[in-house]
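Chains as they are written, first to last, in our numbering: chain A, 1 to 103; chain B, 1001 to 1103.
Keep in mind that the hints were calculated from the coordinates and are not lab data.
Zero decoy hints are in this set.
With a straight-line Cα cutoff of 25 Å, these simulated SDA-like cross-link-like pairs (lysine to any residue) come out:
id, chain 1, residue 1, chain 2, residue 2
1, A, K9, B, G1047
2, B, K1009, B, I1097
3, A, K9, B, N1002
4, A, K61, A, I97
5, B, K1016, A, L6
Computed from a predicted structure; not experimentally measured.
There are 2 protein chains.
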Amino acid sequence: MNRYLLHGKLRAQEGKGHELSQILLRAADMLQSANGCQLYAVSVEEGVPDDIWITEIWDTKEDHDNSLKSVEIKNLISTAIPLLAGNPEGGLALHVIGGLGVQ
Amino acid sequence: MNRYLLHGKLRAQEGKGHELSQILLRAADMLQSANGCQLYAVSVEEGVPDDIWITEIWDTKEDHDNSLKSVEIKNLISTAIPLLAGNPEGGLALHVIGGLGVQ
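Model the full assembly from the supplied sequences, consistent with the hints where possible.
Written out as structure tokens, the structure reads:
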């Protein structure tokens, strides 16, 4: 059964990238207790500080979707929305066939 | 010190996606002994079987670059080249700020 990988970016308003990344790092902390979350990495590209990339790996898509129902996560997302420069583009969803560092 | 994340795809010739993915899974096995490799995930997108995605996280870019110098990896890559539908596009390189599942 393939794991679920989601890779995408959130564009912050100019100068708000760092603040957005800190919110997403708090989301990563909250997901420690989420079922099936193997990876929630928060990243930036050199020279593009207001684009914050999130790379996730979950045991299943269902585990990922369930995590978004948590009140804590919903509240945190609501604090991030005002920082965004536009609607999130949604990420690239993939099936993980296997590899190193994937359970 | 930020970890190094690389996310990109290799396009196989039509019908060769599975064969390419198996070579990349062997690369992942070889990287067990590579210095600083935290993640080497091999994935596919629903309905696009000949695009094989690789998502890597390394302690440093240098560790990543060093791994490509290994004779074993070089030989493996040479077996993958004939399966490709074109030149690799190179991936998106990111600095990992932090998150769950990242050391």
